[in-house]
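Q: Listed below, chain by chain, are the residues.
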Amino acid sequence: MRHYEAVVIGGGPAGMMGSITLGGKDVKTLLLDENDVLGGQLVKQTHKFFGDHAHYASVRGFEIAQKLQEEMAKDPNIKVETSATVIGVYPNNLIVYAKDGKEFKVTYKKLLIATGAMEKQLPFINSDLPGVYGAGAVQTLMNEYGVMPGKRFLIVGSGNIGLILAYQLIQAGAEVRGIVEALGKIGGYEVHAKKIKRLGVPILLNHTIVKAIGDESVSGAVIAKIDEHFKPIPGTEEEKVVDTICVSVGLTPLSELAEQAGCKIEYIPQLGGYVPIRNERMQTSNPDVFIAGDLSSIEEATTAMIEGKIAALEMAHNLKSTDVENEINDEIQTLSLFRSGPKSEKIRIGLEKFGINVKPVPEIERHGVQIGPQGKLRAIIDCTEEIPCNSCEAVCPFGAIHIGENLNSTPVVDYDKCNGCATCVIACPGLAIHMLKEDVENSTALVGIPYELLPLPEKGQKMWALDEDGNYICDAIVKKIAKYPNKTNIIYVEVPLEFSQKVLSVEFPKRESPFVCRCEEVTLDEIERVIDSGITDFEEIKRLTRVTMGPCGGKNCKLVVLGILSRKTGVPISKLSHGTSRPPVKPVEFSLFTKRDDSK
Amino acid sequence: MIPEASVVIIGGGIVGTSVAFNLAKLGVNNISVFEKSYISSGSTGRCGGGIRQQWTSRMNVRLAMRSVKLFRQFKRDVGMDIEYHQGGYLLLAYSDKEMEEFRNNVRMQREEGLDVELLTKEQILKKFPFMNLEEVKGGTWCPTDAHANPQIANIAYAMAIKRMGVDLNTHTSVVGIDIQNGEIVGVQTDKGYVKTNVVVNAAGGFSHEVGLMANVNIPTHSERHQILVTESVNHVLDPMVISFQNNYYVRQTKHGSFIMGQSDKNPAQGNDLGHTVEFLEEMAPKMIHDFPFMKHLHIVRQWSGAYNVSPDAQPIIDEAQNVSRYIFAVGFSGHGFMLAPAVGEAVAEMIVYGHSKTTDISNLGMSRFANKIEKEHNVV
Ligand SMILES: Cc1cc2nc3c(=O)[nH]c(=O)nc-3n(C[C@H](O)[C@H](O)[C@H](O)COP(=O)(O)OP(=O)(O)OC[C@H]3O[C@@H](n4cnc5c(N)ncnc54)[C@H](O)[C@@H]3O)c2cc1C
Ligand SMILES: Cc1cc2nc3c(=O)[nH]c(=O)nc-3n(C[C@H](O)[C@H](O)[C@H](O)COP(=O)(O)OP(=O)(O)OC[C@H]3O[C@@H](n4cnc5c(N)ncnc54)[C@H](O)[C@@H]3O)c2cc1C
Numbered sequence: 001m002r003h004y005e006a007v008v009i010g011g012g013p014a015g016m017m018g019s020i021t022l023g024g025k026d027v028k029t030l031l032l033d034e035n036d037v038l039g040g041q042l043v044k045q046t047h048k049f050f051g052d053h054a055h056y057a058s059v060r061g062f063e064i065a066q067k068l069q070e071e072m073a074k075d076p077n078i079k080v081e082t083s084a085t086v087i088g089v090y091p092n093n094l095i096v097y098a099k100d101g102k103e104f105k106v107t108y109k110k111l112l113i114a115t116g117a118m119e120k121q122l123p124f125i126n127s128d129l130p131g132v133y134g135a136g137a138v139q140t141l142m143n144e145y146g147v148m149p150g151k152r153f154l155i156v157g158s159g160n161i162g163l164i165l166a167y168q169l170i171q172a173g174a175e176v177r178g179i180v181e182a183l184g185k186i187g188g189y190e191v192h193a194k195k196i197k198r199l200g201v202p203i204l205l206n207h208t209i210v211k212a213i214g215d216e217s218v219s220g221a222v223i224a225k226i227d228e229h230f231k232p233i234p235g236t237e238e239e240k241v242v243d244t245i246c247v248s249v250g251l252t253p254l255s256e257l258a259e260q261a262g263c264k265i266e267y268i269p270q271l272g273g274y275v276p277i278r279n280e281r282m283q284t285s286n287p288d289v290f291i292a293g294d295l296s297s298i299e300e301a302t303t304a305m306i307e308g309k310i311a312a313l314e315m316a317h318n319l320k321s322t323d324v325e326n327e328i329n330d331e332i333q334t335l336s337l338f339r340s341g342p343k344s345e346k347i348r349i350g351l352e353k354f355g356i357n358v359k360p361v362p363e364i365e366r367h368g369v370q371i372g373p374q375g376k377l378r379a380i381i382d383c384t385e386e387i388p389c390n391s392c393e394a395v396c397p398f399g400a401i402h403i404g405e406n407l408n409s410t411p412v413v414d415y416d417k418c419n420g421c422a423t424c425v426i427a428c429p430g431l432a433i434h435m436l437k438e439d440v441e442n443s444t445a446l447v448g449i450p451y452e453l454l455p456l457p458e459k460g461q462k463m464w465a466l467d468e469d470g471n472y473i474c475d476a477i478v479k480k481i482a483k484y485p486n487k488t489n490i491i492y493v494e495v496p497l498e499f500s501q502k503v504l505s506v507e508f509p510k511r512e513s514p515f516v517c518r519c520e521e522v523t524l525d526e527i528e529r530v531i532d533s534g535i536t537d538f539e540e541i542k543r544l545t546r547v548t549m550g551p552c553g554g555k556n557c558k559l560v561v562l563g564i565l566s567r568k569t570g571v572p573i574s575k576l577s578h579g580t581s582r583p584p585v586k587p588v589e590f591s592l593f594t595k596r597d598d599s600k
Numbered sequence: 601m602i603p604e605a606s607v608v609i610i611g612g613g614i615v616g617t618s619v620a621f622n623l624a625k626l627g628v629n630n631i632s633v634f635e636k637s638y639i640s641s642g643s644t645g646r647c648g649g650g651i652r653q654q655w656t657s658r659m660n661v662r663l664a665m666r667s668v669k670l671f672r673q674f675k676r677d678v679g680m681d682i683e684y685h686q687g688g689y690l691l692l693a694y695s696d697k698e699m700e701e702f703r704n705n706v707r708m709q710r711e712e713g714l715d716v717e718l719l720t721k722e723q724i725l726k727k728f729p730f731m732n733l734e735e736v737k738g739g740t741w742c743p744t745d746a747h748a749n750p751q752i753a754n755i756a757y758a759m760a761i762k763r764m765g766v767d768l769n770t771h772t773s774v775v776g777i778d779i780q781n782g783e784i785v786g787v788q789t790d791k792g793y794v795k796t797n798v799v800v801n802a803a804g805g806f807s808h809e810v811g812l813m814a815n816v817n818i819p820t821h822s823e824r825h826q827i828l829v830t831e832s833v834n835h836v837l838d839p840m841v842i843s844f845q846n847n848y849y850v851r852q853t854k855h856g857s858f859i860m861g862q863s864d865k866n867p868a869q870g871n872d873l874g875h876t877v878e879f880l881e882e883m884a885p886k887m888i889h890d891f892p893f894m895k896h897l898h899i900v901r902q903w904s905g906a907y908n909v910s911p912d913a914q915p916i917i918d919e920a921q922n923v924s925r926y927i928f929a930v931g932f933s934g935h936g937f938m939l940a941p942a943v944g945e946a947v948a949e950m951i952v953y954g955h956s957k958t959t960d961i962s963n964l965g966m967s968r969f970a971n972k973i974e975k976e977h978n979v980v
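Read top to bottom, the protein sequences are chains S and A. The working numbering numbers the first residue of the first sequence as 1 and each following residue consecutively. The working numbering numbers the first residue of the second sequence as 601 and each following residue consecutively.
Some hints could be false.
Listed next, the in silico DSBU-like pairs over lysine-lysine satisfying Cα-Cα at most 35 Å (straight line) [as the list claims (entries may be wrong)]:
no., chain 1, residue 1, chain 2, residue 2
1, S, 575, A, 762
2, A, 854, S, 586
3, S, 558, S, 151
4, A, 675, S, 555
5, S, 586, A, 636
6, S, 555, S, 462
7, S, 67, S, 320
8, A, 854, S, 595
9, S, 595, A, 895
10, A, 636, S, 558
11, S, 510, A, 762
12, S, 568, A, 636
13, A, 972, S, 595
14, A, 865, S, 462
15, S, 462, S, 376
16, S, 555, A, 895
17, A, 895, S, 185
18, A, 791, S, 575
19, A, 975, S, 575
20, S, 568, A, 895
21, S, 586, A, 895
22, S, 483, S, 417
23, S, 99, S, 28
24, A, 865, S, 595
25, S, 231, A, 895
26, S, 558, A, 762
27, A, 636, S, 575
28, S, 555, A, 854
29, S, 555, S, 568
30, S, 555, A, 762
31, A, 886, S, 595
32, S, 376, S, 555
Simulated from the structure, these hints should not be mistaken for lab results.
Next up, chain S with everything else stripped away, as it sits in the complex:
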């Protein structure tokens, strides 16, 4: 039987960073992971990660895993066993694991458990039908094995995982028919949500899945609106034609091994469920056992790595009396910074139950979206939610973007310094930055859109320009494609000047015509046909097609129709008559006018 000073269970970011830190402090370490490659959740993640630039922000998940692995391979203190499933932690610091169908035993002085988390289940009728998957399973099939489990997807849950999965599915060529979310607001980051909304994926709040439909496998899903008690409201059921349902309603820590190792467990919903009690230095109620990562609280790769490092430093100190005080305090301070934003409120509440208080940090600064000086090629940053990320600030070669000490602050641009290099556009993990340059003389605008789909369009090609909800707004001509090694490319398109601030996405023109007016379901084709028949008056087009005549009163589509008319007739939009606005601006019930306030 072998013996190690330290054993680490779980080779995700927490376990890997823990191993690297232990090895660095000369501790003989064994890392065990059940998969054949290291990386844990990272392996499935093809998107760029958020976070502190010093902690791999804007690097894609699977690439972070590769980088960590390269570092580990250099260190002779670290021994790695993959395809090694720990089946139990026994008294006297004994670990038993299975590998190649054989039983292996190993003992430790100090143990770091970083087993991560598993997906929560959601019960609904027919949830056992083939075609219902956990989000993680779909990611594994798609991103690790290159197998697509379906063509048309419904996603349940709008946390970051659900949102990112939707994005990855679209990248893989699938169609996402919608995301249902039981709560009244989107769970994940706004930038992730916007990324898929502008690709046309609807996010239905206050909705749930009622049942899966199908005989042998999923052929549809019934969704419904829910009331404040999360009960489906009769009459609101709606069927979505999908062949795959992905459930992504959160993760819960895998705490069994910690429990077996004698760590006290407590149920703290804010941290994800049953979690081991531990102190600020990641030590559990069993002084030989430390934890890190999603097992301690469902969070992020960044925090998992920092926790792995803190745990490892403290373990090294216990084992060898190495002086790690300053290093640990630095890491704790960084963690506090990460957790100071509004999105970490749950974590802060959960940690307080252990008596762990987040350290005071510099205040978060908040800024709205800046438009910048018209006519200059510049970056437009739509990132107004306080999330821990500073990659734009870190990569800008001209120091034009400021976030400051607290990385939850939102960015502010100094447009005197911005020179339009677009480095921030390709670094931003939220794809929340695009380029803009207006040409007032020619009534056009150049919009540079970050693009991570394949194939790429060609220069000169006509694309559809879409707004924030993925609605068609005008045609766009590709002027330039800037390719980058990190695979976030920028497509520069020319659009009419009027749309310069609306265009946020592009897509290849589709065979079926896009809806221009969603209220009345009028397509681009119908409008072009009317114009081609010689009707070039906006008012006449409106009356023939009903475009802009719906409940929204044309708020969403009037400019789009004028844009089409302008393109076809060559008359600038500013010269076209745009009709009259009539009350009510928003539809109101008749009953409103029977309950009048007549007070003087």
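Take the given structure of chain S and dock chain A with the ligands to it, following the hints.
A: Frame of chain S, contents of chain A with the ligands only:
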């Protein structure tokens, strides 16, 4: 714009385009139509779309009956589906006196060959169980009355006449009529001059002003009428329903929205196209009362248009006494959409043959105002 026209029509509303359509059908070439704005910008694009034959004056009944025939084959003749729906008209009566009037109207209308009947309150309730008929005594019912989309009808005529070679000029205002020795020689527009000897005044709300251009004093004036549209819901209401007592008309369009209006107590005069909140406040309680399901229905938009009113609320279709070949088809008093197909036909015949052939409209001339006039009563 052509330099010389056989006929110039002033106004591209439903009447002007219908006249042009019928002239072209009779083989007239070089017709010019001038519309100062876009097609359907006038009353036509703002109207309720009702097509009713139940009138108190025989002339209105006749013209409307002829129009219904033409509306039925509109799609074939003019080439576009105008959402024509023959769902009938229900007129409500609230007193014995009103019932008595209705009885007399029905007698006259049946003499004209109209398929119309008196209904008891119970019969109405059976047909339309969702209505609240509390104060209603009874009503009249004509199943061949109808409604259609006036805007599309106007544009349909416009597209048809363009195909037929008519010189249609939108966004072109007629600013003067050139008359020498009592004869028309041309028309001045803001975009140029056209030579012509024949002019049709189909200027809708501006009929009086366009009359003055030829020194003809047409006894018409315009007043504002307001109207609203609701959100779309499932189809429940087939007919147009009118209540003179409660002062409203209402119908449901093909798209499911309800269109409705009333006569304001003191309507704004002229071509004021504003809107008031009083209109909504007056409409809401009576609609909720008579159609309880509308309580939670959403109002989507309100607007207004002009009724071009004549002294007896019947159209004035005539040729001027003092200016030869100056013809006018005006003063429709809130029912010009429904009469337009028949009026267009009659006016075209007047121009080509010197008098109307299909429908006798001789008593719609100006001379009738010299005598005591008989006013049309069935107006909202
Ligand atoms: C879709 C998605 C998107 C994400 N995006 C981001 C992001 O943008 N930025 C960010 O910072 N974070 C992101 N995260 C979160 C991040 O991936 C996790 O927080 C992080 O991976 C947690 O690390 P961990 O090491 O604690 O656990 P894991 O990565 O889950 O690793 C745990 C490892 O332990 C192994 N293991 C478990 N039990 C045993 C056993 N009995 N024997 C042997 N091995 C065992 C598991 O197989 C696994 O390999 C995302 C997660 C998902 C799912
Ligand atoms: C609220 C409302 C509801 C109605 N409901 C109904 C109904 O249910 N059924 C029904 O049959 N009728 C209804 N009407 C009446 C109907 O709309 C009119 O009688 C009919 O549209 C008249 O048509 P027109 O062509 O004479 O007038 P318009 O449609 O007004 O056309 C006249 C045109 O002449 C143009 N013009 C005027 N002066 C000049 C100039 N100098 N040079 C060039 N162009 C000029 C104007 O721009 C206008 O477009 C309603 C009217 C209103 C306002």
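Q: Each hint should be assessed against the structure and marked as holding or not.
A: Comparing the hints with the structure gives:
Between residue 575/S and residue 762/A, the direct Cα distance comes to roughly 25 Å. Compliance with the 35 Å bound is thereby established for this hinted pair. Using a Cα cut-off of 35 Å, the hinted pair residue 854/A and residue 586/S holds, with the two alpha carbons roughly 22 Å apart. Using a Cα cut-off of 35 Å, the hinted pair residue 558/S and residue 151/S holds, with the two alpha carbons roughly 34 Å apart. Straight-line distance between C-alpha atoms of residue 675/A and residue 555/S comes to about 33 Å, which keeps the hinted pair within the 35 Å bound.
For a cut-off of 35 Å, the pair hint linking residue 586/S to residue 636/A stands: about 31 Å separates their Cα positions. Using a Cα cut-off of 35 Å, the hinted pair residue 555/S and residue 462/S holds, with the two alpha carbons roughly 26 Å apart. For the hint pairing residue 67/S with residue 320/S, the CA-to-CA distance comes to about 28 Å; that is within 35 Å, so the pair holds. A distance of roughly 31 Å separates the Cα atoms of residue 854/A and residue 595/S; the hinted pair therefore holds under the 35 Å criterion.
Of the supplied pair hints, the one linking residue 595/S and residue 895/A holds, its CA atoms being roughly 12 Å apart against a limit of 35 Å. With a C-alpha separation of about 23 Å, the suggested pair residue 636/A and residue 558/S falls inside the 35 Å cut-off, and the hint holds. Distance hint between residue 510/S and residue 762/A is fulfilled; the C-alpha atoms sit about 34 Å from each other, no more than 35 Å. Proximity of residue 568/S to residue 636/A is assessed by CA-CA distance (about 23 Å); at most 35 Å being required, the pair is judged to hold.
Only pairs whose Cα atoms come within 35 Å are accepted, and residue 972/A paired with residue 595/S is rejected, the gap being roughly 47 Å. For the proposed pair residue 865/A and residue 462/S, the alpha carbon gap of about 56 Å is over 35 Å, so the pair is violated. Restraint check: the Cα-Cα separation between residue 462/S and residue 376/S comes to about 24 Å, which is no more than 35 Å; the hinted pair holds. Between the alpha carbons of residue 555/S and residue 895/A the distance comes to roughly 26 Å, so the proposed pair stays at or under 35 Å and holds.
For the hint linking residue 895/A to residue 185/S, the alpha-carbon distance of about 31 Å falls within 35 Å, and the restraint holds. Annotation: proposed proximity of residue 791/A to residue 575/S holds, straight-line Cα distance about 18 Å (limit 35 Å). With a C-alpha separation of about 47 Å, the suggested pair residue 975/A and residue 575/S falls outside the 35 Å cut-off, and the hint is violated. Of the supplied pair hints, the one linking residue 568/S and residue 895/A is violated, its CA atoms being roughly 44 Å apart against a limit of 35 Å.
The hinted pair formed by residue 586/S and residue 895/A meets the criterion: a straight-line CA distance of about 17 Å does not exceed 35 Å. The straight-line distance between the Cα atoms of residue 483/S and residue 417/S is roughly 24 Å, inside the 35 Å bound, and the hint therefore holds. Only pairs whose Cα atoms come within 35 Å are accepted, and residue 99/S paired with residue 28/S is accepted, the gap being roughly 21 Å. For the hint pairing residue 865/A with residue 595/S, the CA-to-CA distance comes to about 22 Å; that is within 35 Å, so the pair holds.
For the given pair, residue 231/S sits about 27 Å from residue 895/A by alpha-carbon distance, which is consistent with the 35 Å threshold. The straight-line distance between the Cα atoms of residue 558/S and residue 762/A is roughly 27 Å, inside the 35 Å bound, and the hint therefore holds. About 17 Å separates the Cα atoms of residue 636/A and residue 575/S, which keeps this hinted pair within 35 Å; it holds. Only pairs whose Cα atoms come within 35 Å are accepted, and residue 555/S paired with residue 854/A is accepted, the gap being roughly 23 Å.
Straight-line distance between C-alpha atoms of residue 555/S and residue 568/S comes to about 22 Å, which keeps the hinted pair within the 35 Å bound. Pair hint residue 555/S plus residue 762/A holds up; C-alpha atoms about 33 Å apart against a cutoff of 35 Å. For the hint linking residue 886/A to residue 595/S, the alpha-carbon distance of about 14 Å falls within 35 Å, and the restraint holds. Between residue 376/S and residue 555/S the CA atoms are separated by roughly 29 Å; this keeps the pair inside 35 Å, and the hint holds.
Violated hints, listed in ascending order, are 13, 14, 19, 20; each of the other numbered hints is respected by the structure.
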